[in-house]
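Protein chains in written order, with my numbering: chain A, 2 to 327; chain B, 372 to 632; chain C, 9 to 275.
Among the hints, a few may not be true.
[As the list claims (entries may be wrong)] Covered by chain C, per the in silico footprint, the following chain B stretches (three or more residues, Cβ under 8 Å): (1) 403-412; (2) 581-593; (3) 615-622.
[What the hints assert, rightly or not] Listing some non-contacts, in silico: residues in chain B with all C-beta distances to chain C over 10 Å: (4) 488; (5) 559; (6) 572.
These are computed hints drawn from the structure, not numbers from a lab. Each residue gets a CB set at the ideal place from its N, CA and C atoms; glycine is no exception.
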Amino acid sequence: MTSPAIHICDLSKVYVVSQQEAGAKAALRDLVRRRTQKIRAVDGISFDLAPGEIVGFLGPNGAGKTTTLKMLAGLLHPTSGEVTVLGRIPWKREKAFLRQITLVMGQRNQLVWDIPAIHTFELNRVIYRIAPGDYRRMLGELTELLDLGTLLNKPVRNLSLGERMKCEIAAALLHHPSIVFLDEPTIGLDVTMQRRIRAFITEYNRRFGATVLLTSHYMADVEALCKRVVVIHHGRLVFDGDLSVLVKQFTEHKTIVVQLGDCDADLKAYGEVVSCSDGLTTLRIPKAEAAHVTERLLADLPVIDLLIEDPPIEEVIERVFAQGSP
Amino acid sequence: MSYLRLLAAFFRVSIRTELAYRVNFFVQLFQSLLSLGMALGGLAVIFSFTDTLGGWRPDEVLALVGVYFLVGGMIRLVIQPGMEEFIDSVRTGTLDFTLTKPEDAQFLISIRRLQIWELIDIVMGLGVLGTALVRLGTNVGGGEAAVFILMVVAGGFIIYSFWLILATLSFWFVRVENILVIFQSMYEAGRWPISLYPGWLRYGLTFIVPVAFATTIPVEALTSRLTWETLLGAVALAAALLLVSRGFWRLGLRRYSGTSA
Amino acid sequence: MKGLVQLYAQQFRTTLAMMFQYRASLIIWMIGHVLEPLVYLVVWSVVATTGGGSVGDYTKTQFAAYFIVLMLVNHVTYTWIMYEFEYRIRQGSLSFLLLKPVHPIHSDIADNVSSKMITLPFMLAIAAVLAVIFHPALSPEPWAIGLFVPALLLAFLVRFLLEWTLAQAAFWTTRVDAINQTYFVLLLFLSGQIMPLTLLPHPVRVVAEILPFRGMVGFPVELLLGRLTLTEALTGLGIQAAWVIIGLVLLRVVWRAGVRVYSAVGA
Chain A
2 MTSPAIHICD
12 LSKVYVVSQQ
22 EAGAKAALRD
32 LVRRRTQKIR
42 AVDGISFDLA
52 PGEIVGFLGP
62 NGAGKTTTLK
72 MLAGLLHPTS
82 GEVTVLGRIP
92 WKREKAFLRQ
102 ITLVMGQRNQ
112 LVWDIPAIHT
122 FELNRVIYRI
132 APGDYRRMLG
142 ELTELLDLGT
152 LLNKPVRNLS
162 LGERMKCEIA
172 AALLHHPSIV
182 FLDEPTIGLD
192 VTMQRRIRAF
202 ITEYNRRFGA
212 TVLLTSHYMA
222 DVEALCKRVV
232 VIHHGRLVFD
242 GDLSVLVKQF
252 TEHKTIVVQL
262 GDCDADLKAY
272 GEVVSCSDGL
282 TTLRIPKAEA
292 AHVTERLLAD
302 LPVIDLLIED
312 PPIEEVIERV
322 FAQGSP
Chain B
372 MSYLRLLAAF
382 FRVSIRTELA
392 YRVNFFVQLF
402 QSLLSLGMAL
412 GGLAVIFSFT
422 DTLGGWRPDE
432 VLALVGVYFL
442 VGGMIRLVIQ
452 PGMEEFIDSV
462 RTGTLDFTLT
472 KPEDAQFLIS
482 IRRLQIWELI
492 DIVMGLGVLG
502 TALVRLGTNV
512 GGGEAAVFIL
522 MVVAGGFIIY
532 SFWLILATLS
542 FWFVRVENIL
552 VIFQSMYEAG
562 RWPISLYPGW
572 LRYGLTFIVP
582 VAFATTIPVE
592 ALTSRLTWET
602 LLGAVALAAA
612 LLLVSRGFWR
622 LGLRRYSGTS
632 A
Chain C
9 MKGLVQLYAQ
19 QFRTTLAMMF
29 QYRASLIIWM
39 IGHVLEPLVY
49 LVVWSVVATT
59 GGGSVGDYTK
69 TQFAAYFIVL
79 MLVNHVTYTW
89 IMYEFEYRIR
99 QGSLSFLLLK
109 PVHPIHSDIA
119 DNVSSKMITL
129 PFMLAIAAVL
139 AVIFHPALSP
149 EPWAIGLFVP
159 ALLLAFLVRF
169 LLEWTLAQAA
179 FWTTRVDAIN
189 QTYFVLLLFL
199 SGQIMPLTLL
209 PHPVRVVAEI
219 LPFRGMVGFP
229 VELLLGRLTL
239 TEALTGLGIQ
249 AAWVIIGLVL
259 LRVVWRAGVR
269 VYSAVGA
């Protein structure tokens with residue numbers, strides 16, 4: 002039994018925030034006696050990651066994903082509990098530890114803005130003390146895998162959001178880290194780019210055996226990448242297991258939004274009607290029947306527009322939470 | 372050793388960043404010359420009415436102007452851009468990237484950005500200083516030059532620590548970047564010998580906002596005014612402030628990562 | 009007209025509400041406004057002492073009076089509009105102002121005046137402290153004090169109109185730093201902030217009297233110090249009034265051109 006790459010045991014992070022109410026009287030009161038509130042951002046979670054695993058860390062906004070990730074990267078000091086990454090304690094921030102990890106944050110850049118990305122790469126090369134041969138090899142592989150081509154020589158501010166993200170990811174991986182933390186890497190990207198980045202992560206994991214922890218609130222990210230998912234809600238783990246189990250158990254439905262001229266038509270025959278307003282009817286259909294029902298709707302009714310959606314992650318999570326943790 | 376390589380790497384990045392905006396060079400040149408013109412103009416006006424200013428001869432005050440631009444350029448080359456970018460990174464969260472790098476975070480944020488074109492001010496300052504020394508006819512021997520450089524370095528470290536302490540406040544307060552602008556206002560007062568000012572102002576410009584260490588004191592080294600007490604005091608203060616600012620920085624980092632209770 | 013009054017009143021309330029947010033930048037401006045005249049006060053006092061008690065027709069205590077009054081007059085007339093304008097154009101928020109049926113200058117004036125209503129008491133307190141320390145000497149005639157108020161008002165208008173016009177350079181270039189700095193250097197030298205204009209060599213002094221800068225700061229100061237004859241005072245007021253008119257004309261012309269440039273690019 003190889004030791005886990007990441008080991009978390011009963012990890013908690015509690016913030017103390019001051020309560021502030023509006024109004025002059027309350028403000029005066031606060032001056033004399035500050036009222037505080039304890040927020041349990043992360044509340045006693047435990048799980049392990051084996052080397053080379055890709056695990057999706059799911060949960061709605063504010064669930065505690067980013068807080069957990071920051072504790073693993075050594076950015077936050079836990080309130081209680083145990084956490085080791087590659088056998089080391091992250092918040093000690095030992096240099097040897099930092100050389101083996103990397104952090105990619107969606108919508109936040111580490112690339113220097115006004116100059117081509119290649120120069121930030123060079124900077125990282127010096128910071129991480131990458132040997133020239135290793136650097137060249139890694140750069141070549143990343144360029145190929147991410148299809149960077151000429152992007153590296155254009156100033157970063159001239160790149161599109163998706164191109165920038167690709168370069169950010171490459172910059173983060175130059176030093177060949179064995180632990181990769183991805184915090185919402187596909188947020189704000191178009192569907193094509195999201196798919197490309199997912200494909201890259203899979204390939205990187207396959208080629209280099211890196212352990213990947215990916216946070217997201219997109220179901221699609223997780224479906225594409227992770228066999229195993231960990232779901233966190235209100236700071237607590239509510240699911241840790243195979244993705245297929247999660248999908249089968251909790252996302253058996255799809256949502257179809259049909260735009261007709263009005264709300265007069267009775268669509269009960271097609272599926273469970275969730276709501277109807279301004280001519281937009283929302284139906285909940287068992288997943289297996291979605292294609293068939295869509296066909297029927299298009300054939301039978303004067304459909305102006307039709308949209309098939311996965312239920313939002315919040316709905317899935319709510320159902321997971323409601324059913325209790327395993 | 373690795374610190375030098377890092378410094379060189381950041382230097383390269385900064386040069387490239389500035390070269391991306393070549394027009395900046397000409398604008399900076401124009402603005403620097405304008406500042407110099409203003410300083411020299413003010414000097415000319417004052418000294419058309421008197422031969423000495425508080426015991427300082429015109430060319431001694433000229434030397435002071437030279438050091439004012441030299442040290443000012445150094446501050447705006449290295450210290451100011453790094454601190455401003457650091458304060459911004461606390462607000463936007465990009466500080467997290469710096470903290471996951473395997474190098475000392477204080478060092479990284481300090482040299483992160485260099486405003487290369489401030490070299491113009493440094494060169495200009497050296498030119499004015501050199502001219503003043505020639506006109507004074509002082510023989511600047513190896514000893515004096517060494518002491519001068521020591522005072523400039525000590526002054527530089529004092530200013531750096533001062534800025535770092537203020538910038539570290541952004542771990543606790545949000546609108547800290549405004550405080551740094553106060554320094555720039557007060558630095559203006561450094562164009563004149565500190566000895567001119569009334570006691571309370573002199574005290575403020577030495578110990579509260581350490582402008583005196585940046586300008587007057589290094590020039591005193593070249594105009595035979597520097598006392599042993601001042602020299603040792605400056606060096607001691609520089610060392611002490613470096614330690615204090617480092618300690619405060621670490622305290623701030625611990626607060627940022629939620630270490631303290 | 010009534011609408012304008014209401015606008016100004018509303019802007020005052022808004023500025024008050026934002027005071028707390030902006031207190032840091034206001035304090036910074038105040039520090040600058042105190043420090044600069046203070047430095048020159050000290051320097052000129054030293055020059056006066058070494059020069060046998062006075063420089064030109066200014067004694068040490070008269071320098072003190074000059075710079076303390078200058079500090080207050082400068083504070084009353086200063087603007088920050090060129091920075092604000094550059095920010096507006098860069099952010100695109102100018103578009104919102106263009107949609108309103110009122111010229112944006114009104115809310116700017118109101119904002120400027122409102123914030124000074126808050127800071128002026130502090131500046132007066134500081135001036136009082138400085139007066140205790142430096143013993144200023146001033147002896148104006150009653151008519152000089154009387155003319156000081158319109159002079160101050162005109163000074164504010166001249167400065168605001170011209171600086172607002174200058175701020176519109178941001179329509180044409182991002183390099184407003186250089187333009188602003190050039191303006192400030194001229195202002196510093198020719199408005200009497202570095203030294204009383206009477207100390208300038210004669211040809212320069214004549215030019216300075218015609219240019220608008222003296223009317224922005226130095227002229228009201230000289231007036232209150234009792235250093236001008238009635239003729240000189242009235243001439244000064246006339247020059248100020250002339251620059252207000254020039255300012256208004258320039259403002260309209262540049263504003264129209266600027267808006268055209270702005271909308272052409274795509275607001």
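Quick check for students: does the CB of residue 488 (chain B) sit more than 10 Å from each CB in chain C?
Non-interface label stands for residue 488 (chain B): nearest chain C Cβ at 12 Å, farther than 10 Å.
Given coverage of the segment 403-412 of chain B by chain C, checked by CB-CB distance under 8 Å (3 or more)
holds (count 5)
Holds or violated: is the Cβ of residue 559 (chain B) farther than 10 Å from all Cβ atoms of chain C?
7 Å, violated
Would you say residue 572 (chain B) is clear of chain C, with no C-beta pair closer than or equal to 10 Å?
7 Å, violated
Just to make sure I understand the rule, a stretch counts as covered if three or more of its residues have a C-beta closer than 8 Å to a C-beta of the chain. Does the segment 615-622 of chain B meet that for chain C?
violated (count 0)
Using C-beta distances, would you say chain C covers the segment 581-593 of chain B, given that this needs three or more residues below 8 Å?
With 0 residues closer than 8 Å to chain C, the segment 581-593 of chain B misses the three-residue bar; violated.
The structure shown violates the earlier hints numbered 2, 3, 5 and 6.
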